[in-house]
Structures are given as C-alpha cells and as structure tokens.
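Once you've looked at the hints, dock chain B against the given chain A.
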Amino acid sequence: MTQSATRTRTFVQALNEALDIAMARDPNVYMLGEDIGEMGGDFGVTRGLWAKYGDARVRDTPLSEAAIIGTSVGSAMLGMRPVAEIMFADFIGECYDQLVNNAAKMHYMFDGQFKAPIVVRTACGGGFGGGPHHSQSVEGWFLNVPGIVLVAPSTPADAKGLLLASIENDNPIIFLEHKALYRIKGDVPEGYYTTPLRKAAVARAGSDVTVVATMKMVHEALAAAAELEKEGVSVEVIDLRTIRPYDAETVLESVRKTGRAVVANEAPRIGGLAAELSATIGEECFHDLKAPVARVAGLDTPIPFSLVLEKYILPGKEQVIASIRSVMK
Amino acid sequence: MTLDIETLVDLYRDMWLIRAFEFGLEREFKKGNVPGMLHTGVGQEATQAALAAHLKATDAFFPDHRCHGINALAEEKHQGDGERIMAELFGRATGVCSGKGGSLHSANPKVGNFGDNAVEGSYMATVLGVALAYQMRGQPSVACCIIGDGTVGRGEFHESLNMAAIWKLPVLYACVNNGYAISMPVGKGHASADIVDLARGYGMPCVIVDGNDIELAYAEVQKAIDYIRAGNGPYFLEFKTWRWQGLFSGEFRPAEEVKYWKEDRDPIKLAREKILAQGKLAAEDLERIEAEVKAQIEEWIDFAKASPMPDPAKATADVYVGWEAAS
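The listed protein sequences derive, respectively, from chains A and B. Our numbering puts the first residue of the first sequence at 4, with every later residue one more than the last. Our numbering puts the first residue of the second sequence at 320, with every later residue one more than the last.
Rather than coming from a laboratory, the hints here were simulated on the basis of the structure.
Taking lysine-lysine and the DSSO-like style, the derived pairs with C-alpha atoms no more than 27 Å apart in a straight line are: (1) B/Lys581 / B/Lys507; (2) B/Lys396 / A/Lys118; (3) A/Lys260 / A/Lys202; (4) B/Lys487 / A/Lys55; (5) B/Lys375 / A/Lys118; (6) B/Lys487 / B/Lys542; (7) A/Lys118 / B/Lys487; (8) A/Lys118 / B/Lys633; (9) A/Lys118 / B/Lys429; (10) A/Lys332 / A/Lys293; (11) B/Lys542 / B/Lys588; (12) B/Lys588 / B/Lys396; (13) A/Lys320 / A/Lys202; (14) A/Lys260 / A/Lys320; (15) B/Lys375 / B/Lys396; (16) B/Lys578 / B/Lys593.
One chain only, chain A, in its complex shape (with noise of 0.2 Å):
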C-alpha cells in the first residue's frame, strides 16, 4: 500500500473509487450487471460511473445471471477485464455452472491456453429482513471449487485495494460483499493502491486465543475481543480477507502462537469455511491446542425473514464470545 493520505469513506464509496479507478487506468476494464448503469446498482457501489464511462463500458443487462457471466468469461478469454455484479449473491445459483464449470476450469482443462480474469461482486450475508433468498453466505457454495477465488473484505480500505487487486488478477475471482458492512466507515487512502490477495490481515493482536473470522463476522470477534479483554482474556482477530485460496500461514501461525482457535462465519455449520478451517487446525496444530477448535457458525437452517427468527440463527458477537470462553476453559 502506498501512503498516501486517507479520508472517511464508506464501503460502498470504496468500493465506487476503486471502479472508478480501476475503469480509469485500463480501457479493457468493464462492467456489466443488472441496474448498475445510469440507476448505479441495488446499493450505489456503481453510482455515477455510468455517466462517466458511458453505455459501452457499464452496461445494464436484463435478468440473464448466466449470461452475465459467460459474457464475462467470454471477453476475459479475449484480454478483456469484466467486473460483473450479480445483485445478491443468492441470484448466484442461477449463474454457477458457469462460474463452476466454466470460469474455475477454463485455464485448466485447456491446458493454460485461456484465462478467465472476472470478478464477480456480489451483495451477501444476513441480518436485515431480506429472507430466504436475500441473504445468504454463499461461500460454502464454492470452498469445494478448485480455481475460483473467493475474497471477502471486512473494511472500507481493504474493500477499495482487494477489488483494484482482483480486478488486476488472472483469475476469477467471487468478491463478496457484506450487506451489512456497505454503510461502515473507515479511513480510505486516496489514489491508486492494492491490498495483496491470499494475504490474511492481524485485525487485532492477542496472545490467549486466535478467532479467524470474514466480513462481518470480523467485526463480531472484534467486538468481543473488547469485551472479554476487561475480563483479561487477549484475543487475536485473523481477518482472513481471501477466503479460497486462504493464508493458512498466518492462521497456523497465530493459532501456535496462542494455542486455542474459535473460526467465525456466518454460514451455517456443516460444510462451510469455519469446518475447513478447523479441519486444517487440527490437522497442523494438534499439538499446540490447549483446546479443541471451536465453530462459531449460523445454524444449520435456511434464513428466515422474521428478524426475530433471523437474529436466533445468524451468529453474532455473544456466538463468539461463548466459544472463547469454552476454549479458555
């Protein structure tokens, strides 16, 4: 990262600089979804770039997530740098053979001779009333996809310079963005800067036990590592940042360091990040565990719209707070 002097800026205006720029330096760099043009998308991230760049270059398409990305595969197989939107990330079914199939294998199966350089921005993750089919963690949906890349940022800094850094990489690349994180703060540096893929962040120091944690979850073990250091206890918060391929170096690190890891998302259980993490741990730390890694992770159910019914089953800060304690034990 450059220094350059920082400003406040949402997530979302991040996220809208670091199109901006990336749109700016390289005229093979577009982007396509659905009312992201003049309208700049469901949430704004795409406001005003449509008046800047024109119809060519953020272009609005009808409800065809398939098309969509196979139009983005399609170019990027030709030089081009498509930066996709798919609404919500729960639309992604509609699209996932040809993330699946297409765009993780391509390099593969032809044996190097295309690449697939998109990177599809989509709008995750529960806890504001959107139901079943607006507000899922669909990361799961693709740990098991060799070639896809899955990258997941907590702040409005590492918003702007992880999306300049996928857009700027060869691969495809799902770029999830937190709902409930858009309207958050931050300090932004201004100008051109990237964030390294597959490079987890120390969101916070601690020496007791390590929580790994994504997007909003990071801010919920943040939360509680405040909380319980009154008690005493010093927690280190892993924002792990890229999901797939993740920094296993960092993790692995912290957790020999501390002896005890609680891995945080907001998924549900069985079959999500939080079990591949902990199946790692315990594989490569066995013998510096104090304790059995714990999962903080939603139940295992669809989610529901009610938000009494949603609040009971996304995890939260008091999730995190209950599993350092069972590992301090």
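For chain B alone, coordinates are given in the frame of chain A:
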C-alpha cells in the same frame, strides 16, 4: 445452386476427413485405446465442413457435442496439425490440451477453437463475451456457437439469443438438429421440432438449411457470416441432419429411418453425386481422395498411439494462473 468444382472437391475431402476420423476413433475406442466417452459426428459432416470452410483463425467457434471433426479440420486448415486432436482424444501429451481436456474439452485459440464444453449450452453464454470483445474492439470477427437440438432445452439458449439480439453481437448460432437429444426426439423435447420457431422471437434472421447438402450448407453459412461481418448482429442457422451413431446400447430408431438417412441422405454420397454430375472428375479420382484421407487418419492414430502420456505432475498445474494449487 452449384459450387465450383475445386471448392466442392475440397469440401468432399473435408467431409471424408471427418468421417474417417470418427470411424478410426470409434475403432480404437472399441479396442479400449481411447478413454472416456465417445460421441461421433458421422452423418453430420456437411454441416461441419461448411462451417469450417468459412471460419477464419481470427474468428472463434465453440464446438458442439459431436465436434471431433470440426476441431480436427480447424487444426488441419490453420496449422496443419489435425493429429493433435487425435492425440488429445487419446489423452496424450501431444494433444492440443496436453491430454487435460480430451473429448468435449478440446481448445486451441490459434485456430479459433474456443473450446467445447460438455455441459450442453454452457458456452452459449460464453460466446456472448467473445462477441462482445470483438464488438468493443471493432474487430470484424465472428463468434460461432455450434449447438445441438438438445441444447435448446437449456436456459442459456434463451439468455444468449436475447442478449446477442439486444446488443447486436456478431454471433453465428449454428444449430445442428440431428433429430434426437440422446434418445429424446426433437419434437417431443421442444415446443417445436423446428428450432428456428424458438429462435425467431429474438428478432434475428433464422434459416433452416438442409444440413446434408454441402452446397446449400456452404452457401447459407457464407450468407450468414457476410451478414454478421457487416455489423448486422446475430444470425441463426438450423441444419437439419441426422447422426449415424445410435445409443451406447445400440440402434433405437426405426429401421426405415436409419435406411433413409444412411442410404438416401448420406451427405458424402450426395456430394459425390454432385461432383460426378459436373463431369470434371471421375469416380476413381474421388476414390483416390477417400483413400488418401483414410491413410492420413491412420497416420494420426499412429501418432497418437506413439505419443507420450502426460507427466503426472501436470495434474496439479494451472489450477490457478500464477499460483500453485491450494494443497
């Protein structure tokens, strides 16, 4: 219509190349020398030869499920190395994808082959992006999407035609309607047995072509490509044809239907009659061409068999661009 004798003879040779390739491959498959599955394009040679004749190396094509022939033709025409398709199907290191793709996943951008995809219809979405890149860069190339009649059942068919139409993309849709999606008759699987009926609503020219008449197929492809290159947007061709290969369990179609297509409507036989009718070549000339092509295919099979297997270490290469595989 009548094609000049040189073009017609070239196409005749191309059709024989496809047929000899497929028969040779089938023979080796039955001997256990070719892994995986086998879908041959015998009976559909005129369609493939007509498309291959007009597509340049600077165009793109997405081959269909019975694509060995057009893949080999494209290699042979643009690089003179059709044997690399054979080697790919044998899973050898000398194949176009070093044995990582095989049947249904062979590609070579240098000859315009943007890769088959065994998930029917998947590349109907991909072709949009290739065409969009051509359009955005002002490159007068055509992105050709070859599909079967079965593919039409996929949602991507409609997403693709719609998007190509609204953006006026340079896409040639070439639907090879061979009457059956595996065992499902086209009229039973779709609302119309004429696929053009389903395409017409998207506002592009939609033309039914006799896919077993090489002269007609050649002329219609030419017309479509000229239209697309002139910047008019997408074009839809439906080739009516018939595949010789039955099911893995055997022949399932009525005997009179099989007889009709194999004897009366064999595209190679029809081409042969057209050539002889022009009176410029003798039957022996055509037999010589046939023999030459068959010998060439045997050389390709020998090449494939003699080629080394890929280095097992290749199995973990190129999962990511620039990164090692995760574990």
